[in-house]
Structures are given as C-alpha cells and as structure tokens.
Amino acid sequence: MSLPRRWNEYWFHPAPLLDLAVCRIVVVGFQLFCLASRDGVDQIHRLLASPLSPYDPLPLMRLLFWPLGDAAPPAMLVNLLGGVLWVSGVCALTGFRTRLSLGCFAGATVVLGGLQYSFSGPMSHIDALTILALLLLALSPCGHALAIDARRRGVRRREVDPMARWPLRLIQWLFALVYGSAALHKLAAGGLDWANGYTLQYYLSEKGLLWDAPVGLWVGRHHTLVQAMSWLTLWFEATFALALIVPRLTWWYLACGALFHLGIFVTMELDFSQYLALYAVFIPWGDVVERVHGLRSG
Amino acid sequence: MRRRLVAGVIISVLAMQVMAVLIPLVKWRAWGHRYGLWPFVDYPMYAAPHYAGEVIDQYAVIGVLPDGTARRLQPDDFNASGRQFVKELIPALRGRDQRRMARYVQQYDARHPELERLTELRLEAMPYVLSRNGVVPGTPRRLSTMRLPDSAT
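Protein sequence lines correspond, in order, to chains A and B.
Numbers 1 to 298, taken from the numbering used here, label the letters of the first sequence in order.
Numbers 1 to 153, taken from the numbering used here, label the letters of the second sequence in order.
What the hints contain is simulated information worked out from the structure, not anything from laboratory work.
Remember, predicted model here, so these are calculated numbers, not experimental data.
Yeah, the Cβ is synthetic: ideal placement off N, Cα and C, and Gly gets one too.
Among the chain B residues that face chain A by a calculated CB cut under 7 angstroms, a handful are:
(1) V6
(2) V41
(3) V135
So that you can see chain B by itself, here it is in the shape it has in the complex (with noise of 0.2 angstroms):
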C-alpha cells in the first residue's frame, strides 16, 4: 500500500516536471501561466542562438536638473529592481510613455526628497558589435528625450 503510494508520488513528480517543459515547448496558448506548474518549471534560459554581426546595446538613463546638470540614473535611483529598469523603464523610456514613465518619476522624487525635480530623461544606448574577437565598441546614440510635465516649473 505504502509502496503503490509512493509509486504515484514518483509518477506524478516526473510526469509534472515533463509537462512543465513541454506545455511552454508546443506554445500550448490554452495554459495560462507560464509558471502554472510552480514549482515545476521549464529552463529556457540563453537557448536562442546569436550571429556575428548582431547588436548588444548597453543602456544608459540620463536625468537633467533643472539646472541643466545631467547625471546617469541607476536602478536604484527609481526604487526598481535591475530586471524593471530593464524590462520596463528602458521600453517605457525609449517609447515616450508618459503615463508608465509617471510612476518612476514618482518613485525617483520619493527617492530623493533633497534633490530638485528631473527636468528630463534621455536614453542613450552603447551599441557593441558581436565579431569572432569579442564585442567591438560601436557609436553611442541618443535613443529618446522625455520631457517631464513639470519642467516648466
């Protein structure tokens, strides 16, 4: 009896771990969650292939005072986790997205009640080339300028 218990234990385990890789593999879109299954999970990280040739751009956020001093703004500066700068605030940024952009500059006030407002906000990117021998700095380029609706004041 112990021994059919377990046995269902073993069956079920496998079987779960199986389906959460699988049920992500086949793009299955009835399944809701990609992590449906926690604890079982798939493990898809770093399996898309990359080229010689191919960009690896490095972001930078740039905020200005109303004084005109810019200073580069790290994740921290907006209360966010490395993976929602880069996730969120930089796509936010680059699309001039006023209303998702409002709530880090919330956070970035909050954050530091002794300096003055931002004024604006640019991303810049720093392309590096893939080659045979590495990745070779490219031109660096301005991405987008936001201004921020209080810089009149």
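Looking at chain A on its own, in the form it has when it is part of the complex (with noise of 0.2 angstroms):
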C-alpha cells in the first residue's frame, strides 16, 4: 500500500459520528463542570486587582491584544468573555450550531487560560491537553450527531463519516506525546535515577507535608514500593504510544492510566480528572452502542 494511501487509510477511515459526539460531550460537559468549580474568571479578575501579581503576557496574548501593548486587557473585556464561556459552552454540550459554538468555547477557553498564567500564575499541564481537544473538534462534524444541528438535519446517529476519525486519532496522539514528554525530562534530567525510589518518595513527603496528605506521607515510608511505582510510572509515560499502535493493549493502557492518575490524586492531592474525561478518545462509542443493543435484543 501506498504511502498517501496508508495515511488516508489511518486517518480518513469513515468512522460512526457517534465516537465524535459522545466526545464533544464529555469533554465539554466536563470542561463546564471544572469551570464552575473553579471559577477560573474570579481567579483572573483577583490577577487583574493584585499588585503582587505582574502581567507578562505570553506571546499569543500579545498578539490578540496588540493595542494594549503590554497593558492587561480591562476587566469587561474578561467578563465579556466569561459570557461568551458559559454561553457558548452551552450551546456546543447541546449540539447547537456546534462549529461556531465549540470554537467560541475553545477560543474563549485559550484566551482567558492565556490570561491567567501571562500572570505568572502556575500553568496548569491539565488544561493545555483539553484546549487543544476542544480546538480540534471544532474543526470536526461532532454536531453531526446527538446534537440539535443533526435534529434539524436529519442525521442518523449511527451513520459514518471519513471525517470522524482523525480528530480523535489526533488527541490519542497528543496523548502519547503528552506522556512521553514527561518520561523524556525524567530521564534528561537524571537517567534512571529518576527510578531510585527517594525520588519519587521525595515528591510524596514533599506534597504530603505540604498538603497534610496522610496516604501520600504513608507511602513514601515504603521504598520497595515507591521504587516499583517508580518503573511503572516510567514504563507507562514511556510507551503509552503503544497504546495506539497495539489496539489490543488499549484497554491496559487505559486502565493503568486511570489507575495512575487516581493514585496521583490520593497521594499528592494533583486533579488530574480532566485526562480520564478525555479519555473518552479512545472508546469505541458506535461499538459500545452496538454491543449494548445487542445485549438488549439478545
């Protein structure tokens, strides 16, 4: 097979329009939920009041507010769009006029996240992944189904489209690469010793004593155990993209990442919980769909 056949092949193989729009309403559904736990536009109107806090805008936030030169952008401008969040948001979860939605959403998401860490704010790695999600199922028919747009048009949820597929191959790759970022600074920074077991019981104690997390200051008084965590942590960062190339190991892989980023959560108090929602990318949802009915009937 040809080369620019293999990669249409890979990437443009029609696929159920239901994977895509199961996903558009996971990832937005939860982006929505974190939003309104956090309250991320309150977070970046304290930025805005606080002298403590000095604005050094990151390249893209420049670009888009090259009026004010290095001035913050006023703070209607933030609860403008704080509005054009909630609203769009909204309307992308329903499905309605989701293109123009779900890239509103995305847009605002970008700008007002760009905001908050041109503040010299702590960037969060979490949000990064679930931008850039947001951003590329925009440019996908995920309205085409489950959505408002697909009632008005008349879609049938289980049909296919070769347009379905290379958004959510994409994201599994971000992922891969997400990973193996991770493991590669490990090893640049100091080899294996990353694996020694102090290393990661350091972090443990360290976030413990911080945190006053008691499960993260208990397991880092087992070293075997902190070494072992150790490995596999590496291992999984280090060939996730397995995943993607091995169908079959999907599953492991999933499953241990579920499992890593619960215990990053018990142990060193980090939310990762937005990388499980994303995990939405790899399900089969036409299959699950199909399989279920099969059940019912059978």
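Build the complex from these two chains, which are given one at a time in their own frames, with help from the hints.
Following this line, the structure appears as structure tokens:
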C-alpha cells in the first residue's frame, strides 16, 4: 500500500459520528463542570486587581491584544469573555450551531487560560491538553450526531463519516506525546536515577507535608513499593504510544492510566480528572452502543 | 482539498507539540517565553531526581505584633497564592529584601485593618530528612528575621 493511501486509511477511514459526538459531550461537559467549580474568571479578576502579580503576557496574548501593548486587558473584556465562554459552552454541549459555538468555547478557553498564565501564575498542564482537544473537535463534524444540529438536518446517529476519525486519533497521539514528554524530561534530568525510589519518596513526602496528605506520607515510607511505582510510572509514560500502535493494549493502558492518575490524586492531591474525561477519545462508542443493543435484543 | 487541509492541521499540531517539548529540553535561549507556544506546552513536572539524605524544608512565616504576640501567617494573610508565598515571599524574606517585602506587608495591612501593624517578620524552617523509611523530622531553625520600617511607632 502506498504511503498516501496508508495515510488516508489511518486518518480518514470512515468512523461513526457517534464517537465524535460522545467525546464532544464528555469533554465540553466536564470542562463546564471544571469552570463552575474553579471560578476561573474570578481568579483572573483577582490577578488583575493584585499588585503582587505582574502581567507578563504570553506571546499569543501579546498578539491577540496587540493594541494594548504590554498592558493587561480591562476587567470588562474578561467579563465579556466569561459570558461568551458559558453561552458557547452550553450551545456546544447541546450541539446548537456546534462548529461556531465550540470554536467560540475553545477560543475563549484559550484566551482566559492564556491570561491567567500571563500573570506568572502556575501553568496548568492539565488544561492545555483539554484546550487542544476542544480546538480539534471544533474543526470536526462532532455536531452531526447527538445534537440539535443533527436533529435539524435529520442525520442518523449511526452514520459514518471519513472526517470523524482524525480528530480523535490526533488527540490520542497528543496523549502519547504528553506522556512521552513527561518520561523524556525525567530521563533527561537524571537518567534512570528517577526510578531510585527516593525521588518519588521525596515528591510524595513533600506534597504530603505541604497539603497534609496522610496517604502520600504513608506511601512515602515504603521504599520498595515506591521504587516499583517509579518504574511503572516511567514505563507507562514512555511506552503509552503502544496503546495506539497495538489496539489490543489500549484497554490495558487506559486502565493503568486511570489507576496512575487516581494514585496521584490520592497521594499528592493533584487532580488529573480532566485527563480521565479525555480518555473518552479512546473508546469506540459506536461499538459500545451496538453491543448494548445486541445484549438487550439477545 | 479538504483532506489536504486537515493533513496540514494534523502535521502542524503534532509538530507544534513536539517543538513545545524539545525547545525547553535543549534550552534554546533564543526562544523567549517558556510557554511561548501556549496551549502547546511541555511536561517537566517532578523530573529532577532526589537521593537519600536530602532535606525537605517546610517553612513557617511568623508575624510579630507590637505587644510581642507571634502568629503563624498563611498565604491568605498576604492576599497571595500558595505559589507566590513559596516562590516569591519566602525567598524575599529569606534574603531580607525590604523592597519586595514592602508589597506583601501592604497587602497584609489591607487584609487586616482591624489588627495592629506587624513589627517583625520571621522565617522558620522545619527540615525533614529523606530516608529509606520516609522523612525524619530534623531540628527547627530560624532562617531570617526582618524588622519592619514602622516598628518604632
């Protein structure tokens, strides 16, 4: 098979529109839930008002707000963006004018996130992948099923489309690059010393003391257990791409990933639940629905 | 035509993500901001290796009122985030940087108008030494003391 044909087969093989639609609902829904629970717009207002947070715009923010120079955008604009975020988010969730609404939702999320990180705030690596996923979904026909748009057009939800596969595949590859990046940084910083057991004991104890997290402190006392966890972490992060290359391994990696993030949450109180929601891109929802229907009728 | 456009998007997205990872890794100084490709970012969290015997310091910032009462202060007392507290306030206090600390003291005064002004700020450290069996508490020590300018009043 020629290379262009392989390329087309890999990225543009017709896939169920339902897969994309479910991912749209899960990713947008979870992002709205996170926005409601974190109050990101209020955080930006606090940063705008605080003299302790100098505004050092990210290049993208400098480009978007070039008429303002190096000055922070006014609070009114932040309020406006917050309004756009909520209205477009609800429209994207229900699939009303999906492409436009999801584009606005992704755009407002990029700008508000970028503003927050322009105030020398902590960089949330968790948000970045979700934002990329939203941008990619906005370019896809994800409103062609389970959406108000689909009802108006009379699209049947089990239809397949050659443009339904690439966004999900691309988000999957971004996952592999993200995990691979984490492994690469660990290996670049100290080689296999990262898995000496003490490294992870250090981080578990540090967070345990900082957040008063007893589970992290308890796990940090068990050197052999922590050493095994360190090796598993390195292995999981460095080889996650195998989940995409060998489909049989996908479920194993997803299960390991879920345990990995759950473990981080319990021991270090770092919340990666957005990643778990994004794991929706690995699940063949069309097949799941078929099986459930098969079980019911059988 | 549409597929070519999408192919361009796929290649660009993958290339940007790879660049976001590699640029900080090779420490390309010409590249300005670490997050210059936002929302494409690298993932270097918790990458540094650590060894037995290393010390994890837990810091405490103590504020002293005119009557000599000492009280442990939290980031919220300075209207600061946890990150600002750890990355900016504590190093400023440790280095007795009056200029940088003045902003935080102003924030404290604004936050606590009902309290008398602070006369002194102290930075104390509780060291924990990393061992095979977890961390072992060491002896607390005072790292710095800073008399505040208005302490005479």
